[in-house]
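4 protein chains.
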Amino acid sequence: MSEAVFGSKVLERLWGDPERRVARAFSIEDLRLIAKRRIPRVCFDFVDGASEDEVTMGLNRRGFEELTFRPRYLVDVAKRDLSTEVCGTPISLPVMFGPTGLTRIVSANAEVDAARAAAAAGTVYCPSTATSTSMEHIAAANGGGSRWFQLYLWRDREVYESFVRRAQGAGYEGLVVTVDVPIAGKRERDYRNGFTLPLRLPLRQRIEAARHLEWIWGYLTGPPLTFANLAEEGFGDDAALLGQMVNKELTTASSTYQDLRSLREIWPGKLLVKGTMSVADAEQAVACGVDGIIVSNHGGRQLDGLPATIDVLPSIVAAVGDRVEVLLDSGIRRGSDVVKALALGAKAVLIGRPYLWGLAAGGQYGAARALEILREEIDLCLAMIGCDSVRNLDPSVIEYRPGHRFASQQPPMAEAGRA
Amino acid sequence: MSEAVFGSKVLERLWGDPERRVARAFSIEDLRLIAKRRIPRVCFDFVDGASEDEVTMGLNRRGFEELTFRPRYLVDVAKRDLSTEVCGTPISLPVMFGPTGLTRIVSANAEVDAARAAAAAGTVYCPSTATSTSMEHIAAANGGGSRWFQLYLWRDREVYESFVRRAQGAGYEGLVVTVDVPIAGKRERDYRNGFTLPLRLPLRQRIEAARHLEWIWGYLTGPPLTFANLAEEGFGDDAALLGQMVNKELTTASSTYQDLRSLREIWPGKLLVKGTMSVADAEQAVACGVDGIIVSNHGGRQLDGLPATIDVLPSIVAAVGDRVEVLLDSGIRRGSDVVKALALGAKAVLIGRPYLWGLAAGGQYGAARALEILREEIDLCLAMIGCDSVRNLDPSVIEYRPGHRFASQQPPMAEAGRA
Amino acid sequence: MSEAVFGSKVLERLWGDPERRVARAFSIEDLRLIAKRRIPRVCFDFVDGASEDEVTMGLNRRGFEELTFRPRYLVDVAKRDLSTEVCGTPISLPVMFGPTGLTRIVSANAEVDAARAAAAAGTVYCPSTATSTSMEHIAAANGGGSRWFQLYLWRDREVYESFVRRAQGAGYEGLVVTVDVPIAGKRERDYRNGFTLPLRLPLRQRIEAARHLEWIWGYLTGPPLTFANLAEEGFGDDAALLGQMVNKELTTASSTYQDLRSLREIWPGKLLVKGTMSVADAEQAVACGVDGIIVSNHGGRQLDGLPATIDVLPSIVAAVGDRVEVLLDSGIRRGSDVVKALALGAKAVLIGRPYLWGLAAGGQYGAARALEILREEIDLCLAMIGCDSVRNLDPSVIEYRPGHRFASQQPPMAEAGRA
Amino acid sequence: MSEAVFGSKVLERLWGDPERRVARAFSIEDLRLIAKRRIPRVCFDFVDGASEDEVTMGLNRRGFEELTFRPRYLVDVAKRDLSTEVCGTPISLPVMFGPTGLTRIVSANAEVDAARAAAAAGTVYCPSTATSTSMEHIAAANGGGSRWFQLYLWRDREVYESFVRRAQGAGYEGLVVTVDVPIAGKRERDYRNGFTLPLRLPLRQRIEAARHLEWIWGYLTGPPLTFANLAEEGFGDDAALLGQMVNKELTTASSTYQDLRSLREIWPGKLLVKGTMSVADAEQAVACGVDGIIVSNHGGRQLDGLPATIDVLPSIVAAVGDRVEVLLDSGIRRGSDVVKALALGAKAVLIGRPYLWGLAAGGQYGAARALEILREEIDLCLAMIGCDSVRNLDPSVIEYRPGHRFASQQPPMAEAGRA
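Residue numbers (the working numbering), protein chains in the order written: chain A, 209 to 627; chain B, 209 to 627; chain C, 209 to 627; chain D, 209 to 627.
Derived by calculation from the structure, the hints in this document are not laboratory data.
Careful, some of the hints might be misleading.
Any copy, or any two copies together, can satisfy a pair, since identical chains are not distinguished.
Cross-link-like lysine to any residue pairs, in silico, SDA-like; alpha carbons within 25 Å at most [as the list claims (entries may be wrong)]: (1) LYS478 / TRP362; (2) LYS244 / GLU473; (3) LYS287 / TRP362; (4) LYS217 / ILE424; (5) LYS217 / ARG408; (6) LYS287 / ALA488; (7) LYS287 / GLN466; (8) LYS244 / GLY266; (9) LYS244 / LEU428; (10) LYS244 / ARG412; (11) LYS244 / ARG288; (12) LYS287 / ASP467.
Computed from a predicted structure; not experimentally measured.
Work out the full structure: start from the sequences and follow the hints.
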């Protein structure tokens with residue numbers, strides 16, 4: 209028995225078996241509650257929180273909850289197919305791991321674990337630029353899996369040209385350009401917790417953190433919390449870099465669609481923009497030659513006051529859905545949310561917090577569990593609305609309650625169009 | 209004095225007189241609270257809970273609460289008539305006992321008690337396939353009462369052919385085909401409580417259960433918790449069967465309206481489908497020759513995200529109400545809910561939780577009390593809206609508040625049409 | 209110093225000066241809280257509660273709260289006039305004391321105190337039939353004040369003919385026929401408290417009541433809790449009578465508009481119906497020759513599920529407002545509620561709970577305080593919307609928020625019509 | 209080291225450094241919570257509370273929260289310009305200090321501190337007539353800053369003529385005439401706290417106040433709580449004056465637009481009315497020659513039942529926005545609220561409670577911090593909606609959710625109109 213394996217056995221005794229632990233989570237909310245118990249408050253809040261009054265985060269949930277289904281029964285749904293394709297990449301379920309910054313703080317090998325979980329589940333992992341593991345190491349962990357890479361439009365053009373070369377070299381099939389961070393959002397939980405980079409916690413938070421021995425062990429023994437991708441670009445002293453990164457000094461609020469067009473010219477793979485919340489922006493992105501648009505409000509973490517993504521999805525699909533693929537993120541907590549998004553025209557969804565809570569709850573097992581929960585719930589939902597494949601979902605599965613704010617916009621029902 | 213009678217007198221001393229106990233319940237909610245105190249949490253939650261976030265269960269209540277009445281006064285309502293007829297069966301009030309699985313867990317002789325209470329009250333009892341008492345024994349207890357039988361569309365065609373023969377033999381007048389269980393709903397309270405069949409509770413639940421001596425006594429001394437109907441079909445080992453039943457392996461997600469049509473050919477009595485939530489499904493069922501349609505979302509226990517039944521009732525009534533009888537269940541807690549459903553076109557309603565809470569609170573007395581409470585409330589409501597018979601209810605008794613989501617759909621008021 | 213005066217001085221020392229006590233109430237809610245502390249729970253709940261789930265009671269409040277004002281400033285409102293006239297009776301403010309049964313249970317001389325407070329304030333007192341003080345004694349206490357008398361349509365025609373003669377003899381100017389009690393409402397707080405007549409409380413309630421010495425003193429030393437008006441009609445044993453009264457056996461669910469027409473023929477004074485909640489009923493009452501219609505849902509104490517009175521007022525005013533006077537009750541808690549009701553066409557409002565809480569809090573002083581609070585609030589509201597008289601209120605003072613359920617019904621604004 | 213400086217150093221030790229204290233406030237709500245801890249309840253409630261049931265105060269918040277943004281990304285927003293001009297006065301951000309009475313009670317040198325903070329931040333300070341510091345002293349503290357003066361329309365015409373002369377002399381550029389106080393609002397928190405002038409607190413409040421030593425020190429050592437402006441007008445005994453002032457005996461409910469017209473004739477500077485909540489009033493004010501209209505419901509402190517200011521703003525802008533400048537106050541708590549108000553046509557906003565909480569939390573530092581927080585939030589919001597200047601905001605940045613009550617009123621989108 210190797211030392212590492214032996215060590216992990218010992219720790220398992222100490223902290224409990226992560227696989228069994230996450231198996232007791234029946235819902236994403238269960239994973240969240242396990243995560244809340246297991247990691248320091250400052251880390252949990254970084255993931256769990258949103259900006260200012262967290263109004264948008266709440267709207268995301270309300271948007272899904274206000275939509276109801278129009279089910280069809282006595283349809284042969286003995287076999288349900290969850291697989292689909294996004295921008296040419298086949299996925300085994302319409303849920304991908306979206307980009308999340310500073311993921312390292314939730315568990316010791318967060319990005320490697322996420323890369324493995326996604327590959328094993330047959331879906332895409334899209335790491336953020338701001339990972340503690342370099343994109344090349346993530347690619348190695350991801351192995352035969354599919355991966356996309358998230359990019360900001362950097363002030364220094366050479367930086368993203370280098371990223372493009374590296375992404376190509378490491379087998380990333382798509383680039384996801386985040387457009388909704390001209391400036392960092394105001395996340396007040398982080399301010400109150402004294403969350404800075406590197407972590408420099410006030411006494412109260414230190415005491416709270418001290419209760420989380422497993423997390424501390426992982427933090428001390430795992431890879432350092434850095435921006436590995438940037439370090440490889442030759443950026444200097446880490447601490448200063450982190451500060452700059454967080455303050456977006458390296459990226460720029462002066463980026464325009466011209467920069468997107470330039471990127472399109474040098475990147476041969478699939479190109480997507482993430483953060484689009486208006487028809488006008490969607491049209492401009494399409495004009496720049498993107499392959500996909502991710503309707504996103506950054507999980508409510510950027511501008512508080514944005515509407516729910518599910519509320520703006522239909523108009524964007526109506527405008528550009530015939531030319532590019534439209535994806536969605538922000539607020540997905542249930543398989544039925546995924547079904548609703550697909551019914552209204554999304555090709556697939558990305559999740560953030562759900563797999564981060566999984567990582568915090570049980571590393572790779574937890575990230576895998578998040579996908580497994582959603583997979584089961586999507587499958588259940590398909591069976592119960594009478595649809596045999598996620599590719600057959602359309603607005604006819606939605607029952608717009610009289611008075612629902614979309615009721616008057618309801619696309620003509622194509623009832624015959626389903627199985 | 210027979211031993212049994214003597215024994216029951218002794219127990220009455222121990223547990224209290226069930227008849228007096230339920231007489232102190234003034235509302236269905238009161239019965240619920242008594243039930244909550246008297247049976248183990250795991251059993252209470254099985255009845256009380258719904259699937260996932262229990263959103264649909266909440267919508268059912270909100271649907272009723274948002275409807276208000278337009279009362280008429282100084283109408284002669286000295287005599288109010290609650291009797292009506294459903295699919296040819298006369299009932300003394302427009303409320304029936306709907307099918308509920310595993311009813312045995314709430315009290316020792318649950319199904320026999322329910323059968324007696326329904327017969328005594330002059331209404332229909334529709335036991336589930338999944339009873340611990342065979343349909344023949346239930347029929348015997350039901351005596352001169354009216355009864356329907358609930359059926360799934362079984363994978364094995366011979367099974368339901370046998371059920372059809374047995375149902376005929378035992379005097380069941382109607383068959384109710386449940387269509388909304390292609391797969392079991394995700395009831396997370398049960399998952400968390402460790403509710404499995406046979407009951408295999410975690411320690412925490414065992415300790416909690418130990419406080420409920422009367423329930424334990426009934427559980428140990430009453431008939432075993434089995435699927436009696438299936439046992440008689442020659443299905444083998446009980447434990448395995450229960451598992452299969454719960455996982456719906458015996459029934460099938462591949463059933464179609466063709467199966468319903470086949471059933472129609474071999475069943476001479478009344479045929480109803482239960483679970484219809486769309487006009488399209490209602491049309492298809494009518495085309496298969498059903499006599500009635502039960503608008504139901506399974507009390508919110510199957511797909512979470514379905515709308516309230518009272519919200520979809522009007523469109524289904526408008527589509528097929530002139531050809532078949534439309535019934536409704538899910539969320540009935542007050543006599544006024546029954547009146548609202550009838551006003552919008554339902555012929556009668558079925559209840560589930562209300563009589564289960566009654567059974568848990570006081571066996572047959574409790575089930576009878578549930579009907580008695582609703583009977584009094586319906587009677588009161590009729591008097592106060594100025595209607596002398598449930599058969600005279602129509603949409604004119606509903607006051608659509610300006611802004612109510614049905615306001616624009618309001619059927620033309622037939623004000624003159626009432627007494 | 210007379211014995212009585214001396215006694216009251218002693219008691220004042222014991223219980224505190226009622227005048228000073230109620231002076232510390234700044235709102236109707238304050239009076240309610242004082243009442244809650246001072247009288248037994250069973251009595252407080254009888255006044256405070258409503259039927260079943262108390263949904264209608266809540267809608268009454270929401271109806272007012274959802275209406276907002278469109279104020280006009282720099283209008284000369286140095287003098288505001290709150291006086292108006294209802295059915296020929298001048299009143300100093302548009303608020304009257306409506307009929308409330310069993311008023312005696314809140315304080316020792318409830319009806320006499322109310323009669324005096326109303327007379328002193330220059331408004332109408334309309335005692336219920338179900339008072340413990342005979343209508344003649346109440347008339348004596350009311351003195352030069354204006355009074356109406358509330359009547360049910362009795363099963364026994366001679367009874368109300370006698371009431372008509374007595375009302376005339378005792379100087380009652382109006383008769384108010386309650387039409388919304390074909391049967392008693394289901395007030396579950398009373399059921400749970402064991403509230404019966406005569407009071408026969410369970411132990412728990414007795415213990416609770418024992419803490420309220422002042423109330424007990426008043427209950428024991430004051431006039432007995434009877435139905436004095438009926439006793440004078442020669443009805444026999446009190447206890448039985450009370451039971452019959454409460455169960456409405458003496459009145460009848462078979463009354464029709466024909467009975468109202470008959471009453472109209474023998475009653476020379478003003479005639480009003482109370483409880484009308486539909487245009488159709490309003491039309492029928494007008495056809496019977498009534499002088500006024502009181503839109504009321506009995507404070508939510510009869511049929512739970514009725515809409516807010518302020519929500520149905522506009523359509524009734526539109527239908528019959530040019531032929532009879534329309535009044536309103538149920539849910540009035542603020543002067544601004546009164547202003548809203550008048551703006552939408554009510555001539556005045558009646559209050560129930562507010563003055564009962566006043567009586568419980570401080571007898572006549574408390575009833576007077578309730579009127580005083582509302583008078584001040586109406587005055588304040590007039591000044592702040594820029595209207596100099598309650599007689600000049602019209603819908604133009606209401607700002608229908610876009611999306612308010614009445615917005616589309618808004619009568620054409622007569623902006624120029626105001627001062 | 210001067211004595212004063214030494215003293216303040218000592219006190220700083222005792223009470224803590226106010227600058228560092230307010231630096232830990234990340235939002236206006238944070239300032240509020242610090243204020244709540246630091247000053248007596250009676251003073252906090254005077255600022256924090258509103259009239260009657262505080263419904264309007266709640267509507268103000270809901271009005272802002274229900275509006276969502278339509279962001280545009282990849283727009284060059286590297287430079288954002290928050291400066292604008294109101295009625296000819298340039299301001300560095302579209303937020304001004306509005307008039308607040310009795311400001312002295314929150315901190316020792318409240319008005320002087322506010323005047324300095326506003327001048328330092330480059331915005332307007334508009335002190336109330338009811339300050340404890342004379343308008344001349346405030347002007348001195350304000351120095352080179354811009355200032356307006358708030359005025360009631362006094363019963364005694366000579367009084368406001370004198371004020372006009374003094375305002376001119378002291379360099380006030382604008383006069384703000386408050387029109388929504390024909391009578392004082394009913395602020396029940398103050399009634400309950402026994403808040404009178406001069407402060408005469410009940411025992412319970414005295415004990416509570418005793419815990420706030422810093423506030424007591426400031427109250428005893430600072431300038432007296434008087435109406436300095438009135439004292440200089442030769443009004444006599446202070447205590448009596450305060451009472452009269454509060455009861456508005458000195459001002460008048462009989463003022464009309466004629467008085468406004470007279471004022472216009474004698475005041476050469478900018479003239480604004482504050483409190484307008486209807487199109488009709490706005491039209492009349494414009495006809496009187498005002499330069500600006502402040503849409504205000506007095507923070508919910510006058511008539512409870514007024515709609516949110518953001519809800520009435522669009523119709524007033526549509527009616528008179530091309531002839532005068534429209535400003536807004538009431539309910540501003542976030543930079544995004546300011547952006548929403550400007551997008552719907554306001555030129556700038558005024559704040560009240562936010563800077564009073566700042567003063568209570570840390571004197572001049574706190575008032576400055578309130579502006580700093582809003583400045584940062586406005587800047588952030590501009591960047592994230594893709595707008596480079598507050599002067600370029602228009603309704604196209606608002607995403608009316610389908611079903612929002614304004615949706616049907618949405619002005620035609622001028623999407624192309626933005627950068």
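Those earlier numbered hints the structure runs against, lowest number first: Of the numbered hints, 2, 5 and 11 do not hold.
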